[in-house]
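So the sequences go chain by chain: A and B. First residue of the first sequence? That's 1 in my numbering, and the numbers climb one at a time after it. First residue of the second sequence? That's 1001 in my numbering, and the numbers climb one at a time after it.
Keep in mind that the hints are not guaranteed to be accurate.
Claimed, not checked - Calculated cross-link-like contacts (lysine to any residue; reagent style SDA-like; alpha-carbon spacing at most 25 Å):
(1) B:Lys1101 - A:Val114
(2) B:Lys1060 - A:Asp1
(3) A:Lys57 - B:Lys1060
(4) B:Lys1109 - B:Asp1084
(5) B:Lys1052 - B:Ser1085
(6) B:Lys1052 - A:Ala100
Claimed, not checked - Counterexamples of contact, computed for chain A against chain B with all Cβ distances above 12 Å:
(7) Ser2
(8) Arg22
(9) Leu43
(10) Gln44
(11) Gly58
(12) Arg63
(13) Ala92
(14) Glu103
Stated by the list, open to error - What the simulated footprint calls covered on chain A by chain B, stretch by stretch (three residues with Cβ under 8 Å from a Cβ of chain B suffice, anywhere in the stretch; the number is not a length):
(15) 12-20
(16) 48-56
(17) 67-76
Hints are computed from structural coordinates only; laboratory data are not their basis. Where a beta carbon is used, it is the ideal one built from N, C-alpha and C, also for glycine.
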Amino acid sequence: DSGVTQTPKHLITATGQRVTLRCSPRSGDLSVYWYQQSLDQGLQFLIQYYNGEERAKGNILERFSAQQFPDLHSELNLSSLELGDSALYFCASSVGVGLAYNEQFFGPGTRLTVL
Amino acid sequence: GDSVTQMEGPVTLSEEAFLTINCTYTATGYPSLFWYVQYPGEGLQLLLKATKADDKGSNKGFEATYRKETTSFHLEKGSVQVSDSAVYFCALSERSGGYQKVTFGTGTKLQVIP
């Protein structure tokens, strides 16, 4: 158990809908990262927050958005869902910002299925 | 842009065989390099890392050396076990314009048979 929790574990929805994925980082971690893992695109970094502020942006679509709240939990919002958004979405957390000296710990993931 | 290239899987080995999973990268600056492991049904776990050229990361019998001259970070283990069966990801992290970028390879599935 990494100490990072993600809810829900599974989510099934229809095209065009909007969903919210939630992540609680390990106690004491200030950074939260979001990743998308799919069969065709592999593991893609989406976005990183540190202490409530956006710190890095990867291949995140405009239909997707995220935020980190004062209690440090984070939410990833996916809207206008398409079939291709079906994937495993991982959250990770670390104490600081840079990965060179801050290990990131991954949650178990949320499996999103868009029908 | 940055990229990470890993050897295609799956790799199937007998127990106690020698393992090499190749990883090469392209980056504009001086990245940190990582190997992550993903066991079935779980999230990724950091296996080892190296933050500068010629550094060797090691953990649980796995090793990888940061080779700047060949832009490589190959993963090796002298004697694999069935419990090493998993997907292995090579990754790099680099600062660019005040932002940190993280790039992963496509992953290499390892299956170790008794």
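Structure-based check of all given hints:
A distance of roughly 28 Å separates the Cα atoms of Lys1101 of chain B and Val114 of chain A; the hinted pair therefore is violated under the 25 Å criterion. A threshold of 25 Å between alpha carbons decides the hint, and for Lys1060 of chain B with Asp1 of chain A the separation of about 18 Å falls inside it, so the pair holds. As the CA atoms of Lys57 of chain A and Lys1060 of chain B are separated by approximately 32 Å, the hinted pair breaks the 25 Å bound. For the proposed pair Lys1109 of chain B and Asp1084 of chain B, the alpha carbon gap of about 10 Å is at most 25 Å, so the pair holds.
Straight-line distance between C-alpha atoms of Lys1052 of chain B and Ser1085 of chain B comes to about 28 Å, which puts the hinted pair past the 25 Å bound. Using a Cα cut-off of 25 Å, the hinted pair Lys1052 of chain B and Ala100 of chain A holds, with the two alpha carbons roughly 10 Å apart. Not every beta carbon of chain B lies more than 12 Å from that of Ser2 of chain A, the smallest distance being close to 7 Å; the non-interface claim is violated. Taking the minimum C-beta to C-beta distance to chain B, about 15 Å, the non-interface status of Arg22 of chain A holds against the 12 Å cut.
Distance check for Leu43 of chain A against chain B: the nearest CB is about 4 Å away, which does not clear 12 Å, and the non-interface claim fails. A cut-off of 12 Å between C-beta atoms contradicts the statement that Gln44 of chain A is not in contact with chain B; the least separation is 7 Å. Here Gly58 of chain A does not stay apart from chain B, with its beta-carbon only about 7 Å from theirs, under the 12 Å limit. Remark: the non-interface label on Arg63 of chain A is consistent with the geometry, its nearest Cβ contact in chain B lying 21 Å away (cut-off 12 Å).
With a cut of 12 Å on Cβ distances, Ala92 of chain A falls inside the contact zone with chain B, its closest approach being about 7 Å. In this structure Glu103 of chain A is not separated from chain B by more than 12 Å, as the shortest Cβ-Cβ distance comes to only about 5 Å. Here the region 12-20 of chain A counts 0 residues with a CB under 8 Å from a CB of chain B, which misses the bar of 3, and the coverage is violated. Under the rule that three or more residues need a Cβ within less than 8 Å of chain B, the assignment of the region 48-56 of chain A holds, with 3 such residues.
Note: the region 67-76 of chain A has 0 residues with beta-carbon separation from chain B under 8 Å; the three-residue rule is not met and the coverage is violated.
Taken one by one, the earlier hints fail for this structure at numbers 1, 3, 5, 7, 9, 10, 11, 13, 14, 15, 17, listed in ascending order.
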